[in-house]
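Going down the list, the protein sequences come from chains A and B.
Here the first sequence stands for residues 0 to 297, numbered as in numbering that gives the first Met the number 0.
Here the second sequence stands for residues 0 to 394, numbered as in numbering that gives the first Met the number 0.
No wet-lab data here; the hints were simulated from the structure.
Careful: at least some of the hints might be erroneous.
Calculated lysine to any residue pairs in the SDA-like style (CA-CA distance at most 25 Å, straight line) [said to hold, decoys possible]:
no., chain 1, residue 1, chain 2, residue 2
1, A, K36, B, M40
2, A, K13, B, L208
3, B, K196, A, H15
4, A, K88, B, W195
Computed spacing ranges between beta-carbons, pair by pair [as the list claims (entries may be wrong)]:
no., chain 1, residue 1, chain 2, residue 2, range
5, B, S215, A, E271, 54 to 60 Å
6, A, G156, B, T321, 29 to 35 Å
7, A, P6, B, G44, 39 to 45 Å
8, B, E87, A, G156, 29 to 35 Å
The C-beta atom is built at its ideal place from N, Cα and C for all residues, glycine as well.
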Amino acid sequence: MPKFTIPKEEYVCKGHSACPGCGTPLALRYTLKALGKRTVLNIPAGCGGVILGVWPSYALKVPVVDNAFECTAAIADGIRAGFDVLGVKDAYVVGWAGDGGTVDIGLQALSAAVDRNANIIYVMLDNEAYMNTGIQKSGCTPIGAWTTTTPVANGKGWNTSPKKRIMEMLVANGIAYGATVNVAYPEDFIARLREAKDIKGTKFIHALAPCTPGWRIDPRKSIEVARLATQTGIFPLYKVENGKYSLTKEIKNRKPVREYLRLQGRFRHLPEEAINEIQRLVDEEYARLLKKIKETNE
Amino acid sequence: MMEVMTANYAAAYAVKLARVGVIAAYPITPQSSISEKLAEMYVKGELYGKYFLVESEHSAMSMLIGASYAGARTFTATSSHGLALMHEMLFWAVGARRPIVMAVVARALAPPWNIWGDHMDVMSERDTGWMQFFCENNQETLDTILMAYKISEDRSVMLPSMVIEDGFILSHTYEAVDIPDQDDVDDFLPPFDPEWKIDFDDPRRFGGLTMPDWWSEFRYRIALDQEVAKKKIVEVDKEFERRFGRSYGGLVEFYNCDDAEVALVLAGSAVGTAKEVSDKMRERGKKVGVVKLKTFRPFPAEELKKLNDMVPVVGVFDRSYTFGYGGALYSEVRNGIYVPGGGALVKNYVGGMGGKDFTPKNMEFIFEDLLRIKKEGKVDRMVEWINIKDGTGRW
Ligand SMILES: Cc1ncc(C[n+]2csc(CCOP(=O)(O)OP(=O)(O)O)c2C)c(N)n1
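Extracted from the complex, chain A is given alone in its bound form:
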């Protein structure tokens, strides 16, 4: 039997209000298992804030500061600044934002925090759309996906813009540590956060977390779909440390993207040509990643 490395402590209580099959509570559990009790989460508008429940109770055993939609990195850095001035050490400040709150409306504050090399951990929960407001397109919505603002009619209309390359933007800015994680791979998820936590400077964790109503999937298939995202190479797991890229999950034989797309209602409309085109784009992107790994390790 393989050694089980996931800490037993639970900081997410029963009674949160996430949808069945939602990836976010898992991501929360793994993050807090990795960081422990002296962690404060800083959460903007988005599912992340809503699923914790309604005042006066909430479903975590760590402090939480809720915030507005575009200020996660700034508030987190502010908390860190306050701790520094008051001599509070060994505490982790985590910005916990959705993809929309990160690559769109929150990008300005995030880029400035990286510019200051703010000593925070920023976790981007990527469910690939604005889910809290009802499945509208974000800068992280993949090509081909239906959303309510990229509706499909007469064989066209789905999202045609590629996912923003947020990791590359931040790496170009000189971020201290960046990693992609996936709720389907909990041990890897926890390992990356453990690695990140004691590095000084801004740490960015790009976490893939399925949204069952948004992706139009059977809640029971949520983890299977998430795992396929990595197995097909659509969402490769890698990290960037001091500018050096490396794969954190080797995928020997990548599965065809069709397997991933076909399980999700949001891609149901796609004709064969579009699926082939997506396969081509994924291959291209994967090759780019491998090239970067090679180049940055030479």
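Once you've looked at the hints, dock chain B with the ligand against the given chain A.
Only chain B with the ligand this time, still in chain A's reference frame:
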């Protein structure tokens, strides 16, 4: 120690004396020299806390909210578009009950571009729940920042404060300013010690989702605590006077009002002009009084009601305008002093906007107009714009 300095430098010295923990800054004219002076002090190692450069005013306010949650005393300064960009986070600071103090160097908003002083920016934030203190001169700017921390951080108040100085008129004008001793300030202003802050041993959630029922309760508490603040402001002003020998009247100052025939209500640097003109006119036997509005939020309606018994005619001078009605001070003062079936007549004068000179002569014109209204026994019109190039500016 007396030194000659601008109100912006006076603000920076106040921040130093208050031992602020976290300062976040983003430049905008005419505020920039506060941020620059603080940066210089920081580099020289003269500040107690840390100084952060952010990419926008939105993030400046956000950082301070975070730092205040951690338990640090915080400061930023801004003007005009910077204040407007913060708008969203100003609500957050209040709802989160973070006693942030911010200097607002009042200025116009574009277009057309205008970097000079007026009160449009400040008045646009009237309903955020911030306390708003106006300053007449540079000394008052320094003193008010010190008092604002004490008022804001009082556990019965816990609301943020704007300390407002007029763009250029104060921000860039040199005056003699008394810088109090650090020890005396330390005595007056103890370290920030909030009842609620991030605590890992007693984890809480700040600002999460709340249902309508409880949400109203939170707003109600803010409303009540603005009332509590009124008492606190008067108290702190008295204590400041005891310790430092200077008082600003608490919420309002009545100047030359005892036997006045008419009075003019106003806020900010124009108060100085009004006081001087009033003195001069009194030498000529014209009994005109000045009412300095020190705080705009909380609004001292009770205090202003006294005007009904003092004078038959009240003028209100505004450096801003709420389009489609009248000046903001005007509408507030008029509502504030209203008593059913009587009370003073009220007229609005609008001027000095976007840096337009507002001279003693203009002020004299207003007082003469008020005396005329007193004689005629009725207000000719609701609003009068002073110094308008085309048309009469009267309706
Ligand atoms: C300034 C502002 N604009 C719009 C909104 C409305 N809003 C709330 S949550 C949300 C989408 C959140 O999407 P994302 O960050 O991807 O998180 P998710 O809900 O998908 O977890 C939007 C647009 C807001 N709260 N603030």
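_Violations among the numbered hints_ = 1 and 6
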